[in-house]
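S.K.: What follows is each chain in one-letter form.
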Amino acid sequence: MQLSFNSDALRLVELRDGETGVLEKMDLPEDVTRRLMELGFLPGHTVTPAHTAPGGDARVFRVDGSEIALRRDTASRLWVRLDPAQSN
Amino acid sequence: MSDCCAPPAAPTVRAAREITIALVGPPNSGKSTLFNRLTGLRQKVANFPGVTVEHHTGRVRVGDADLLLVDLPGIYSLAPRSEDEQVTHDVLAGSMAGVHKPEAILLIMDCTNLGRHLVLAAPILSLGIPTLVILNMVDDLRRRDGEIDPLALAAQLGAPVALISAYTGEGVEQVSAFLEKVAAGKAARKAPVVQLPVLNDIPKCRAWAAQVGHHADYRPPAPPLWTRRLDGVFLHPVIGPLVFVAVVLGVFQTIFSGARPLMDGLQRLVTLSGNWLATVLPDSPLRSLLLEGVWSGVGSVVVFLPQILLLFLFIGVLEDSGYLARAALIADRTMSKFGLQGKSFIPLLSAYACAVPAIMATRTIENKRDRIATILIAPFMTCSARLPVYTLIIAAFIPNKPLLGPLLGGQAVAMLGLYVVGFLAALATARVLKSTILRSGHTPFMLEMPAYRWPTFKSIGLRLIDRSKIFLRRAGTVILTVAVVLWVLAHLPLTNGKAPAIADSLAGTVGRTIEPLIRPLGFNWKIGVGLVSSLAAREVIIGTLGTIYGMEGDAHSVSLQTALHGDLTTGGACALLIFFAFAMQCMSTMAVVRRETGGWKWPAVQFTYMSTLAYVCAFLVNQTVSRL
Ligand SMILES: Nc1nc2c(ncn2[C@@H]2O[C@H](COP(=O)(O)OP(=O)(O)OP(=O)(O)O)[C@@H](O)[C@H]2O)c(=O)[nH]1
Ligand SMILES: [Mg+2]
Chain S
5 MQLSFNSDAL RLVELRDGET GVLEKMDLPE DVTRRLMELG FLPGHTVTPA HTAPGGDARV
65 FRVDGSEIAL RRDTASRLWV RLDPAQSN
Chain X
2 MSDCCAPPAA PTVRAAREIT IALVGPPNSG KSTLFNRLTG LRQKVANFPG VTVEHHTGRV
62 RVGDADLLLV DLPGIYSLAP RSEDEQVTHD VLAGSMAGVH KPEAILLIMD CTNLGRHLVL
122 AAPILSLGIP TLVILNMVDD LRRRDGEIDP LALAAQLGAP VALISAYTGE GVEQVSAFLE
182 KVAAGKAARK APVVQLPVLN DIPKCRAWAA QVGHHADYRP PAPPLWTRRL DGVFLHPVIG
242 PLVFVAVVLG VFQTIFSGAR PLMDGLQRLV TLSGNWLATV LPDSPLRSLL LEGVWSGVGS
302 VVVFLPQILL LFLFIGVLED SGYLARAALI ADRTMSKFGL QGKSFIPLLS AYACAVPAIM
362 ATRTIENKRD RIATILIAPF MTCSARLPVY TLIIAAFIPN KPLLGPLLGG QAVAMLGLYV
422 VGFLAALATA RVLKSTILRS GHTPFMLEMP AYRWPTFKSI GLRLIDRSKI FLRRAGTVIL
482 TVAVVLWVLA HLPLTNGKAP AIADSLAGTV GRTIEPLIRP LGFNWKIGVG LVSSLAAREV
542 IIGTLGTIYG MEGDAHSVSL QTALHGDLTT GGACALLIFF AFAMQCMSTM AVVRRETGGW
602 KWPAVQFTYM STLAYVCAFL VNQTVSRL
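First to last, the sequence lines map onto chains S and X.
Just remember that our numbering sits 4 ahead of the position in the first sequence, which is counted from 1.
Just remember that our numbering sits 1 ahead of the position in the second sequence, which is counted from 1.
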């Protein structure tokens with residue numbers, strides 16, 4: 005995982021509508037990382053941003069069959085690699 | 002079950018042992034729905050994660066055995082992060098007081114998202130307790146064209162699997178069959194065919210779940226199209242907030258004017274039956290007690306039932322449709338400015354019904370200090386007990402000028418204003434708390450958005466029936482008792498066998514003793530008596546005023562509204578509204594705060610703070626308005 009973590013990586017917040025990322029790494033306290041993994045944010049899984057709260061900060065992400073809302077500050081601690089196969 | 006209370010002649014089989022069976026599963030997977038179906042009880046079911054926050058037990062009799070089913074809060078794993086998850090953890094570990102360690106488990110998962118939900122199967126199956134794996138929501142799976150082979154899955158897991166819909170009842174007989182086996186002591190555990198993964202390694206568990214699902218021919222259903230379409234509207238940057246505002250205004254207008262005809266009808270019924278009683282009963286103290294105490298007191302509260310039901314109808318639709326989670330998402334930004342997070346918004350919204358369940362619902366908030374802050378501000382939200390008080394005073398004092406044509410009237414706007422005032426007081430208090438005594442590093446906001454579902458007539462209807470029962474029971478107990486006590490106090494002390502004028506009675510004396518204290522707020526001694534009695538519960542003040550005005554003679558020709566209008570200045574009325582918006586007049590809330598925070602410290606802080614705020618603000622309002 006360390007090796008594949010390269011300059012292509014971007015923060016989850018930087019994904020635009022219609023883009024899909026593959027989760028690489030989470031830079032958060034261990035218990036938070038654990039809960040995020042339980043919610044489906046697992047390295048190697050795809051994450052797609054969906055709706056943003058009106059006027060807002062929190063955003064819904066589609067991951068592993070569910071939709072989970074996260075705030076920007078959390079989403080900026082998740083690193084993804086752009087998934088060209090699924091982004092358009 | 003203690004032996005000492007068994008009847009002596011009972012046959013030996015009556016000494017049936019009680020078997021505890023736990024319902025475990027991820028949040029919002031349908032545990033409570035299945036629990037209700039199996040036990041015939043009515044635990045709360047709604048479409049967002051974190052509905053159940055404590056354990057509830059229900060009995061099912063299977064053959065000779067008494068099965069004790071335990072409905073539990075949803076969990077994602079066996080590592081609890083919040084109080085509600087801790088409850089499930091404790092029950093499974095056998096360390097919850099009053100609940101035996103479960104002898105069997107019903108593991109309930111949403112089969113429309115099996116890959117992720119199966120992750121929980123690994124730690125649960127490794128507990129070594131006989132487990133039925135229940136794949137719930139098969140109706141939804143089929144509608145969206147998904148597939149699963151339960152027999153193959155059972156072979157993979159080494160545990161029986163039932164494919165059911167707790168909602169339609171399909172397949173539930175398999176659960177009953179499992180319960181019979183448990184009752185007969187024949188539900189043994191088989192070793193799993195696939196080696197269970199290392200439990201602490203979530204990626205490995207997820208990979209295991211994927212593999213198991215694959216061998217069971219799992220085809221995930223198509224994405225929920227309607228949910229995406231609806232979110233396109235409700236979470237749209239422009240349309241979303243507009244819809245939100247329109248819905249809120251519509252709700253207020255409907256609660257205010259839509260309930261009118263029904264309330265007027267009920268009022269007429271109460272008046273007519275009171276008049277009829279007045280003609281048939283002979284003149285006696287009993288007649289006076291019935292008419293002035295019970296009919297004027299309890300009757301004046303009962304007429305508010307339609308309005309309260311309408312409020313609960315809206316809350317029910319909000320909760321059952323899945324919009325509530327979206328509302329929390331929209332509110333998160335505002336909440337974060339005040340030091341809280343979107344998750345606090347869910348308890349706060351349910352506090353519009355009643356602060357007691359709302360304070361229970363804070364158990365889902367992971368951060369202890371955030372949780373305490375939410376508990377402390379929840380009673381500022383306008384609970385349904387304030388609704389009758391507001392309605393009565395507004396109807397008596399605020400002119401109903403149409404503001405937006407017939408769509409929105411002045412009275413509905415006044416009502417909305419009071420709701421906003423309560424909400425703002427809550428937020429401001431949160432801000433103060435979170436930047437002083439309850440400062441904390443923030444816990445990230447993570448909330449799962451459920452798919453939208455149609456609220457069903459049955460579920461909403463049952464809630465309304467339950468709510469009516471609660472409301473009427475309160476009217477028949479608390480409010481009735483207060484009315485009777487008040488009537489007695491208002492007729493004592495007897496002089497020459499005759500009751501005194503009400504102002505000189507014991508009740509009147511109490512009122513007049515505190516009158517100097519409340520005079521600056523614009524309240525006279527009658528309102529004072531009402532305020533004292535409303536310490537039991539807010540809406541009691543209406544019953545009290547009904548009784549007092551009822552006794553002042555001319556009872557049945559003058560409505561409570563008119564009597565109140567003659568008794569308060571406009572300044573006093575506004576002050577009374579503000580007082581009710583801020584004051585903590587609810588014993589049950591204090592009791593639940595004590596229980597949830599583990600001591601009297603926080604309820605005492607809360608009571609002092611809210612009462613002071615209420616007094617000061619009511620004073621300012623009265624002084625300002627009466628000088629206009
Ligand atoms: N379509 C469908 N909906 C279901 C089924 N079972 C439950 N639901 C719905 O799913 C939602 C959640 O149900 P609950 O029974 O409250 O779920 P829970 O597991 O108790 O949830 P928590 O207490 O929050 O952990 C409700 O809106 C139910 O009506 C089912 O078999 N099919
Ligand atoms: Mg539940």
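Accuracy of the hints is not assured; some may be wrong.
Unchecked claim - Under the rule of at most 30 Å between Cα atoms (straight-line distance), these lysine-lysine pairs were calculated in the DSS-like manner:
(1) Lys-470/X <-> Lys-435/X
(2) Lys-29/S <-> Lys-369/X
(3) Lys-102/X <-> Lys-470/X
(4) Lys-182/X <-> Lys-369/X
(5) Lys-602/X <-> Lys-338/X
(6) Lys-102/X <-> Lys-182/X
(7) Lys-29/S <-> Lys-205/X
(8) Lys-29/S <-> Lys-602/X
(9) Lys-459/X <-> Lys-470/X
It is worth saying that the hints were derived from the structure and are not from the lab.
S.K.: Could you run down the list of hints and mark each one as holding or not?
M.R.: Structure-based check of each hint:
no.: 1; hint: Lys-470/X <-> Lys-435/X; in the structure: 38 Å, violated
no.: 2; hint: Lys-29/S <-> Lys-369/X; in the structure: 28 Å, holds
no.: 3; hint: Lys-102/X <-> Lys-470/X; in the structure: 34 Å, violated
no.: 4; hint: Lys-182/X <-> Lys-369/X; in the structure: 42 Å, violated
no.: 5; hint: Lys-602/X <-> Lys-338/X; in the structure: 27 Å, holds
no.: 6; hint: Lys-102/X <-> Lys-182/X; in the structure: 18 Å, holds
no.: 7; hint: Lys-29/S <-> Lys-205/X; in the structure: 16 Å, holds
no.: 8; hint: Lys-29/S <-> Lys-602/X; in the structure: 43 Å, violated
no.: 9; hint: Lys-459/X <-> Lys-470/X; in the structure: 16 Å, holds
The structure fails hints 1, 3, 4 and 8 (numbered hints given earlier, in ascending order).
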